[in-house]
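Chains as they are written, first to last, in the working numbering: chain L, 1 to 279; chain B, 1001 to 1162.
Hint data in this document are derived by calculation from the structure and do not stem from the laboratory.
Note that the coordinates shown come from a computational prediction; the quantities given were computed from them, not determined experimentally.
Heads up, a few of these hints could be off.
Rough simulated footprint, nothing fancy, chain B against chain L, three-plus residues with beta-carbon under 8 Å [claimed, not checked]: (1) 74-83; (2) 152-161; (3) 172-186; (4) 235-242.
Taking lysine to aspartate or glutamate pairs in the DMTMM-like style, the calculated list, with each CA pair at most 25 Å apart, reads [unchecked claim]: (5) B:Lys-1148 with L:Asp-45; (6) B:Lys-1148 with L:Asp-43; (7) B:Lys-1087 with L:Asp-45; (8) B:Lys-1148 with L:Glu-221; (9) B:Lys-1148 with L:Glu-150; (10) B:Lys-1087 with L:Glu-150; (11) B:Lys-1148 with L:Glu-186; (12) B:Lys-1148 with L:Asp-55.
All residues carry an ideal CB built from backbone N, CA and C; glycine is no exception.
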Amino acid sequence: MHTDSRRGAVRAVLLALCAAGALAAAVGPAGAAGPIRLSIAFDPDAALGSATALDVTLRLDPRRLTRAPLNEVRFAYPRSLGIVSSGLGLAVCRRPEADFAKVLITGPRLGGCSPNAVMALGTALALVRLTNGQVIPEYATVTLLSGPLERGHLGLVAFVDGQRPFGAKLAFAGDVHGAPAPYGGELTVRMPAVPGLEDLATVSLVELRVSIGSHAIRYYERRGGRRVAYHPEGVLLPTACPAHGFRFRVRVGFSDGSRQSARAVTPCPMPVAAPASGL
Amino acid sequence: MQTQSLRPRGIFVVTAALAALMLALWAGGVSSAEPSAHTAKRKTLNLTDTAYLHLTRKNGNVIYEKGTATGTLPGTVTARLVTSVTKVTGTVTFHSSGGGSITMKAVGYPQSASTITRFTGSIAVRKGTGRFRNALGSGTFSGTANRKTWAITVYARARITY
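Whole structure, please, built from the sequences with the hints as guidance.
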């Protein structure tokens, strides 16, 4: 019985680790030749001056990367993108420090945080290599929530919810801070190592897809005494395109100290018909 | 003898008067009995105003607001605010109902990340129009912003000379 529960816990940790890795990768590079690739897309019908979801896809080639666990992902976005001015992150998700880097076997959805804190939804795929040589793909959903404002940084909380075959839940802390031009800010998610896991398996993030301002996000507000759901305004595009397009950058760090980075440039969408209004 | 001794002094006085006049004309830009903007005594305005702003439009990370102000300098207010992760910078212009306007550079820092967020910051006055065309000054502000509607209430205090 004790052995079964330990195996279950290990599986949960593995799952969480996979999910964490995926979350961290939420930012990416543009070059097709590198071991990591980043692609960014706006809504197909996005126009300058309008709100859009920002679809971030990060792909990592585990054959060309260290097997050390991913421990940090940094995603920089263009200065002119309206993330703070969007309708995202209207609530604060606070988690105790003990929740980060541990497997949350049980717990309410979003760890009990308000759905109005959700900023991005996504999925992750990781490969779990067990010590016996078996490689198991693990799928997870990823949710990124706004955290508290502390020490001049906006906090982030990332939930990784393993779907199959392990099914563990992990929470990771991060923050958003300023970034030098041409970037306006950088999202960082840190994934500390889970003690003992490295002796059981290695987890390699293969793909992370995150949609900031996803159309699947639902917020809730009170109207006439009733709780009403609505879709928050997504990332706001400027009315004019920055020179050379919208430039993004992802930097990932591994527990052995190695780092990789990649950049992506997203071309301008169509010219705007009318400026976006507040609500 | 006396006449001879006074002649050089008289020439000196006339020359000095002409030089002073030319200097005055050059410095003041105009002849005038009225004092120039540079030489006039500057007035001091201890501004204490509350502004109520609402969103007019957004452009990426820039939000545009307008509203009304009450207090020392009642009138209307317009603002262009550049949002970033941890601070908001921009220009705020007070259009006094008594005439003239004052434009301020503002830097604000949010104190929380919730829907209704408090902020504090500083302002620097560097220009104006009308009676405030030579305005200079600085001050502080605090307030609240509704991040869903971008309705903003600002309480500002500044010492301005003009």
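Which hints from the list above does the structure break, by number from lowest to highest? 7
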